[in-house]
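Just so you know, the sequences run in chain order S, H and C.
By this note's numbering, the letter at position 57 of the first sequence is numbered 57, and the numbering carries on one by one without gaps.
By this note's numbering, the letter at position 145 of the second sequence is numbered 145, and the numbering carries on one by one without gaps.
By this note's numbering, the letter at position 648 of the third sequence is numbered 648, and the numbering carries on one by one without gaps.
The hints are simulated quantities; they were obtained by calculation from the structure and are not laboratory data.
Quick reminder that beta carbons are idealized off the backbone N, C-alpha and C, glycines included.
Be a bit skeptical, because a hint or two may be false.
As the list claims (entries may be wrong) - Derived Cβ-Cβ restraints for the label pairs, each shown as a range:
id	chain 1	residue 1	chain 2	residue 2	range
1	S	I68	H	T153	56 to 66 Å
2	C	Q391	S	T123	34 to 44 Å
3	C	P18	H	G95	27 to 37 Å
4	C	S388	S	L137	21 to 31 Å
5	S	T123	C	M335	21 to 31 Å
6	C	P18	H	L157	16 to 26 Å
7	C	G242	H	P210	18 to 28 Å
8	S	L137	H	V119	26 to 36 Å
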Amino acid sequence: MSNFWNKLLYHDGRGWWDLPRTQWQDPNPQMEGPFGHGIAPIKRTWEIITAADYHHGTPWFYVLIGAILSIITIVEVWAFTWETLGGLLIPLMLVLSLAKFILVVGFFMHLKFDRKYYAWIFTACMMIGIGIFVALLLLLEYGNQTRQ
Amino acid sequence: MAAATGTYEIKSEHGEVINTSTGLSNKKLLMWSFLGSDVMFFGSFIATYLVYRNRSLVGPYPADILDIPITSVSTFVLLMSSLAMVLALSYIQQGRQKMGTFWIFSVVVLGAIFLLFQVYEFNHFGQVGLTPRTNLFGTTFFILTGLHGAHVTLGVLWLIFLGFGSIKGSLRADNAIDLEIAGLYWHFVDIVWIVIFTVIYLISARDVGPPG
Amino acid sequence: MQTTHPGPSREPISLSFPRIIPRPKSEYGIWSWISTVDHKRIGTLYAVTSFFWFLVGGIEALLMRVQLSQADSTLIDPEMFNQLFTMHGTTMVFLVVMPLSAAFFNWLVPLQIGARDVAFPRLNALSFWIFLFGSLFLNFSWLIGDAPNGGWFGYAPNSHVAFNPTNGMNFWVIGLNILGVASIAAGLNFIVTILNMRAPGMSLTKMPVFTWMTFVTSVLIVLALPVLTVALIQLQVDRLYGTHFYNTAAGGDPVLWQHVFWLFGHPEVYILILPAMGIVSEILPVFSRKPLFGYSFLVFAGVAIGFMGWFVWSHHMFTVGLGPAANSAFAISTMAIAIPTGIKIFNWIGTMWGGSIRFSSAMLFAISFIAMFTIGGLSGVMHAAVPSDAQQQDTYFVVAHFHYVLFGGAIMAIFGGIYFWWPKATGYMLSEKLGVINWLIMLIGFNLQFAPQHWLGLDGMPRRIFTYAENMGWENTNMIASAGGFLMAFSVLLFMINVVYSARKRVPAGDDPWDGRTLEWSISSPPPHYNFEKIPNVEHRDDFWFTKHPELIAEYYHDEHSGELTAPSGAQFDEDAAEEEDEHADAHAEEHHGDDEHGHGGIHLPDMSYYPIILAAGLTIVGAGLMTAIPVIIIGTIVLLWGLLGWSFEPVNDPVPDSH
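Construct the entire structure; sequences and hints are all you get.
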């Protein structure tokens, strides 16, 4: 069973759905996974876009990311006008902006392509920041305070 | 720095001399650490904003005043400036000087447009009666977006400087790292705006006065 | 911001900036110090400046002790007393312990990792000048008789303009923001230096513990100081421009400042103590003639303290009324942080265990650090218990606690460090005889002053009161404490006498007076301008010691396969550090290329520069302008831009005719 899941989700220790690694880290994994070779043409196209340069994308790849970012922004603004969302608005907005955040940090700032060191530094700072500020908000929101 | 340290040399893929223990560029490591530091800076301000959300005692409240369409346009402009930035870096690294220069100045223009939007917005809010001294929303809004605007201004000045360097030929493929760290800074300012746009505008644009 | 590297194949840069002042060349005289980018000179500047502020802060403390030595004393009025304790705290934290640690960072980190300078020498100079101007700015408030008076924590809304209308807190807010810039710049510099400038072979697990603690401290500085900056900016705009961050009348939250300040303040506590722990970890093995016991545990405990230090801040606020859930959570996290601290203390004791100890003055200071810090740490754990803290909050018990960790801890270790590295820095020895007397009097005076304050606190004497009534029964204890204070002052005087006496006597130290372990002892004393003629190749932890005693390598490295140090006394290699090293393994794999052709010869050091001091002056003028008038801000900005542009166009090394 665990073999099955490995086959489905991973090869070489990472998921097939993961973006292909560039030469900087590893050679790209063989085509395996649940769709076998069926996904190969799409994957190859993706590779042409992402891995053309030594460790950066091509200009068109960046334009593609820019287009995705624009689309997400449009979706955000459009969803904002949707009155029926109610309580779902905040989580939806957070998820969408998180997606934008990751796209910019990962591709525009080259963390996806660059040495892992930088990603660790930034992620560690983000984690400490998010951790303490969420704790701060919770304390101020739910603290059993004696003031009003 | 290479000669100054006298250790050993590794050339990176773009010809920049990397002679460090980790193989990472000093400048880039400095910039990433600084961005980590800036995370805490903006994080504190955003946390303050969220603490004071819905706690203004007098109006105008966000629902009375925030204009999503206009800010969406300026958000879009800043996103596109990020795209221009990454293209500029890509071309400079490839040695395509003219394209690189063009895109650097595109970033400058887009950043300036964003700043103009902000000036317009601040002006407009002032006319409708929201200043930093009006209420908690005014205080937190103006100081947070104002300091973000200050970061953008600094980035614009930096890129003008680099743009002229690119015209004169002092910024080239072999020291594209200087543009790269400016780019990191610029993208960081962009992601801060992504968060600000979500938190201040999209999430709290319908906020009215405090409950009760 | 530099657009120019001196590279082998670069044409001259066509972009230039007019040099109003020619680039400094002379290596002697006052201008060479003003324009220096040498980490050793900057370290000396840090040390001298912060020692001066140490004396100023000490005089402030003595004035308070004189006032408190008798009941109903009228020597100092309450307003003056407020200014004294505020400036004493601010000075000792921001102008003494932090920059004295920075002096050690500057002097030692490049020497210990085998580098010729820090990664960004001019940024290093900038940090110092900003620190100097910021500290002068802060203390300028004394001259206009309006020193800050809101406590070193500056609680808003108490520090708000409605309750504190004088200029004092403006000086505090802007001064600390200027100092914050200096600290962040220095922190970033040392992160990059330690990660990137290590000598070949010096992996992270072979780094001296002092360098490790510097790294952890730098990370804490870089992450914690921005939070303070934010709080200060908020208070500043409140005070100067009438915004409402901490204005309770407009709905501002009176607890928010406390949260934001202590979010910074608790990591700050570790910023103050971790360098001291690093210093002690260097002194103990040398004078015990034994490797450090449990190196990996010690390093890991330091990292753990640095991380856990973020999640304990609310223990400063147990009496605010955060509710039982929050109080319990922070009580638990606070008690948990005692675990890595305890690990360190046991490791230090383990280092001395079975060693052939030499009781030099540095060693005596280091040992008393362990004892005093343990006492302070134990009373700290008492505060972690919420009900107990409710009794101790705002009493002299707390004062006793943090003076035990900050004076008995940080300052004791720093004095030990001064006695330890003085011969390396100057080339001659400090008198050991005077050193031991200095240590003894300081230890006695310190305990005489602060041990009674535990009782005073438990007896209910509140902090920050300028006097107390006669019938409280506190006079005798306070008198003893004041006498202890003067004894401490005398010991500092003895130290200065020692410095002058030894400088006259000049007993040459030689390169390695203590049989040292780390790389700084392998070069001459004082070190040459370029530190290392040939960049050393590091094979072992404590590499220099094993170079001197090759017969001991086999004893300590009995597991040749892993190549890891296993100390004979049972210190075990620890798993977490192993993982950490694995993470970095890929980085190190690419590390050793071509060290031979660049190991010696053709030493280039960065040229001196005036721009750091110009930039720092501009920043300070802008800060002063925020308090006075817009034209001052404009002048400051012009100076700032001059410094910035001049800096950007100035190459690290001016092109020289090829002479070698």
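Tested hints:
1. Between S/I68 and H/T153 the C-beta distance comes to about 28 Å, which lies outside the given range of 56 to 66 Å.
2. Restraint check, C/Q391 to S/T123: a C-beta distance of roughly 42 Å satisfies the suggested window 34 to 44 Å.
3. Range check, C/P18 to H/G95: about 30 Å between beta-carbon atoms, so the 27 to 37 Å window is met.
4. The given range of 21 to 31 Å is respected by C/S388 and S/L137, whose C-beta atoms sit roughly 29 Å from each other.
5. In this structure, S/T123 and C/M335 meet the distance hint of 21 to 31 Å, their C-beta atoms being roughly 29 Å apart.
6. At roughly 19 Å, the beta carbons of C/P18 and H/L157 sit within the given window of 16 to 26 Å.
7. In this structure, C/G242 and H/P210 meet the distance hint of 18 to 28 Å, their C-beta atoms being roughly 21 Å apart.
8. Taking 26 to 36 Å as the suggested C-beta distance range, the pair S/L137 and H/V119 conforms, at roughly 31 Å.
In the structure shown, a violation is registered for the earlier hint numbered 1 alone.
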